[in-house]
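Undergrad: Next come the chains, spelled out residue by residue.
Number of protein chains: 2
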Amino acid sequence: MPLVKSQDDIGEQLVRAVRDQSMQILDHDIIVVAQKIVSKAEGRVVDLQTVTPSTLANTIAESSEKDPKHVEVILRESANIIRMRGAHIIVETRHGFVCANAGVDRSNAGNGDLAVLLPIDPDRAAQKLRKRIRELAGVDVGVIISDTFGRAWRNGQVNVAIGIDGLTPIIDYRGSRDLFGNQLKVTQIAIADELASAAELVMRKSDGVPVAIIRGIAYAKGSGSVQQLIRPKEEDLFR
Amino acid sequence: MPLVKSQDDIGEQLVRAVRDQSMQILDHDIIVVAQKIVSKAEGRVVDLQTVTPSTLANTIAESSEKDPKHVEVILRESANIIRMRGAHIIVETRHGFVCANAGVDRSNAGNGDLAVLLPIDPDRAAQKLRKRIRELAGVDVGVIISDTFGRAWRNGQVNVAIGIDGLTPIIDYRGSRDLFGNQLKVTQIAIADELASAAELVMRKSDGVPVAIIRGIAYAKGSGSVQQLIRPKEEDLFR
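Protein chains in written order, with my numbering: chain A, 1 to 239; chain B, 240 to 478.
Quick caveat, the hints were computed from the structure, so don't treat them as lab data. For clarity, every value in this text was computed on a predicted model and none was experimentally measured.
Pairwise CB distance ranges (calculated):
| no. | chain 1 | residue 1 | chain 2 | residue 2 | range |
| --- | --- | --- | --- | --- | --- |
| 1 | B | R322 | A | G96 | 19 to 25 Å |
| 2 | A | D27 | B | R324 | 41 to 47 Å |
| 3 | A | G216 | B | E374 | 29 to 35 Å |
| 4 | B | L375 | A | G43 | 53 to 59 Å |
The beta-carbon is built from N, C-alpha and C at its ideal position, and this holds for glycine as well.
Whole structure, please, built from the sequences with the hints as guidance.
TA: Right under this line is the structure:
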């Protein structure tokens with residue numbers, strides 16, 4: 001893939017990159033795309049020099065030892081602050097994701113004064129990309145836009161789905177029976193997140209590989225939305 | 240793999256099952272093994288008929304609409320209760336994992352009166368298995384014992400590592416530079432959890448496939464421990 005700029009047609013770039021490597025995209029493949037190139041194509045990049053921090057941003061910046069302009073951008077992307085301590089700012093984004101820094105990232109952005117925000121509507125971005133791949137390559141695929149999020153209780157980040165099209169993100173085994181014919185209890189597997197994590201194993205953040213193709217996996221086609229992966233506030237025990 | 244019973248040598252069963260399928264285990268493969276067969280081989284199965292619930296277990300059972308004997312076993316496996324609401328009991332296990340029901344599972348246990356507990360020391364179980372595979376197949380692999388855990392904020396469970404040997408569970412990119420030569424900020428990827436999630440895509444809980452082999456992934460060999468994946472209490476914002 002080339003380095004992505006605002007207004008780029010990443011569907012076209014992706015299909016061409018696959019062809020240039022003498023490969024092809026097949027029906028039923030899952031295409032996992034790093035959030036960063038989707039955001040860049042959407043122009044979701046902010047020059048921090050142009051940002052004027054609010055009083056709140058300045059206060060938070062002081063206690064978190066972050067750049068006030070960076071904090072200001074994080075706050076603009078946030079619906080709620082969930083926790084703050086030390087350098088950690090965990091928020092609920094406008095999309096409903098609970099993550100650090102509202103997903104605002106300063107690395108790989110081109111230079112140190114730029115911040116990349118999450119896509120405006122990652123599901124819609126996934127829909128657009130799926131449609132474009134169908135137009136250009138004639139195949140029906142599942143698309144996952146992914147980002148690396150930290151977790152409660154566990155060290156390290158993992159790749160998760162932040163936008164989806166063409167697949168059902170959760171496999172619901174409730175009501176199924178196990179090997180012994182007993183009903184399975186609570187068993188809903190977040191397959192979209194597992195697919196995103198699997199993809200990260202070959203994407204590797206600092207290598208600049210923004211797309212992975214997963215082939216040979218059984219999944220349920222469907223329109224699907226990342227909203228199905230977000231636990232409703234009223235059922236959430238950890239905010 | 241055959242159905243696993245107490246005292247079974249799952250290393251031997253695994254190596255034989257691979258041979259029976261005319262395949263082989265290779266150096267540098269990652270072997271992901273479902274917790275349930277490790278627990279069964281360790282005899283970590285409790286007949287709930289033999290359990291006498293404490294007063295606390297009875298009280299919790301009432302508000303959570305769970306079987307008091309099941310709750311009693313959960314409490315015995317727990318170091319701390321982190322949250323309780325409705326049917327949800329989120330605890331810290333004796334190993335330090337934060338998960339629902341202390342990982343105590345009533346499905347696939349043979350019949351409805353049995354509960355399967357997490358292995359006593361999953362890292363040690365991984366070490367044992369790795370050693371056995373080296374003895375029987377002459378290869379050096381990474382071993383991950385996995386279980387499906389729920390997450391804060393997101394619906395659905397994903398497979399994570401609960402025991403490790405032969406690999407470093409976290410890749411630390413801090414200090415690395417991105418495509419533009421900027422230093423990456425916080426970037427530690429929990430590769431062991433991503434590998435466990437990738438494996439789940441072919442293990443599929445109700446299919447009774449308890450082992451997956453991952454081949455062709457670059458990872459850092461090392462003694463590694465699942466403790467590296469557990470965030471220390473004092474750094475954790477969500478308990």
